[in-house]
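Chemist: Next come the chains, spelled out residue by residue.
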Amino acid sequence: MIETFAALAEPNRYRIVELLRSGPRPVNYIGERLKLNQPQVSKHLRVLKEVGLVDVHPRAQQRVYELRAERLRQLSEWLERYREIWDARFEEMDKLIDELKAKEKSHGRNKRK
Amino acid sequence: MVATKGSEPAHMNTTTMELKGDREIVIARTFNGPARIVFDAWTKPELVRRWWAPRSLGVTLASCDADVSVGGKYRYVLKGRKGDELGFSGQYVEVDRPNRLVYTQIFEPMSDAGEAIITITFDEHRGQTDVVSSEIYPSAEARDAAVSSGMEHGMREAMDQLDELVTSLS
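Line order of the protein sequences matches chains A and B.
Going left to right, the first sequence walks through residues 1 to 113 as the working numbering numbers them.
Going left to right, the second sequence walks through residues 1 to 170 as the working numbering numbers them.
Accuracy of the hints is not assured; some may be wrong.
16 Å max Cα-Cα, derived EDC-like pairs, lysine to aspartate or glutamate [as the list claims (entries may be wrong)]:
(1) A:Lys101 to B:Glu124
(2) B:Lys44 to A:Glu92
(3) A:Lys95 to B:Asp65
(4) A:Lys49 to A:Glu92
(5) B:Lys44 to B:Glu24
Source of the hints: derived by calculation from the structure; they are not laboratory data.
Every value quoted in this text rests on a predicted model; they were computed, and no experiment measured them.
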């Protein structure tokens, strides 16, 4: 997971992943859309491929890159688990806060008496 | 950048989580209470005991001590089903009740990885409080270990059970 996030933390690589969400694209299309030269695009795509975020297929004279949904799904599940832990904590905290609010209110009433 | 959000109905307060760059996690949540109450619930050990180790995760809180003042120390220890213990400790850097709290955190099983800096803001409006917690880890590895730590110590098992339940219901 570490390598995958490190790969996505680079802004241009993140933009490439965003672009590939619309479908498989050849290297030169990616370069034109993101205004990057081909060596830069190739370098980023190599990193993304190493962490399993994209796959490459030859098509005629071109190399076409596509997103690997499986890897993205794993990433989002991994993060979702951490969110669930905090969510479970916060649900307990909601109950506690209601209790503390009620306590404060009844104290306030007592004071006024 | 990479964010996750629950699918609760709109009237409920949802917990959002976002990874920023490769060292930061930002968690946000709104609570239905004033900042002074939320701040106390977040910091006072006798109150932290009530929520930090939710039973639904299959863990308990073995101990929870905190001296909530600048330079003061804290240590929370989670206990898993098999009796394994997992400590979190650190020091308060800034204590501005009920607005802002900054503290360091060492995840003891990975103390070599160094300290995370956690900054929490409490923003009250119309009786509700928005809490934003930014956790900045010393390295990408440390952050990812923290995210993965939830999978250890009995939580994984409880979560799997929950997943099974959810799947069987849907």
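Chemist: For the pair supplied as a hint, Lys101 (chain A) and Glu124 (chain B), confirm whether the alpha-carbon distance does not exceed 16 Å.
Modeler: Roughly 15 Å separates the two Cα atoms, so the pair holds.
Chemist: For the pair supplied as a hint, Lys95 (chain A) and Asp65 (chain B), confirm whether the alpha-carbon distance does not exceed 16 Å.
Modeler: 22 Å, violated
Chemist: Taking only the CA atoms, is the gap from Lys49 (chain A) to Glu92 (chain A) under or equal to 16 Å?
Modeler: 42 Å, violated
Chemist: Decide if the proposed pair is consistent with the structure: Lys44 (chain B) and Glu92 (chain A), CA atoms, cutoff 16 Å inclusive.
Modeler: 15 Å, holds
Chemist: Quick one, are Lys44 (chain B) and Glu24 (chain B) close enough, alpha carbons at most 16 Å?
Modeler: 25 Å, violated
Hint compliance for this structure: hints 3, 4, 5 are broken, all remaining hints hold.
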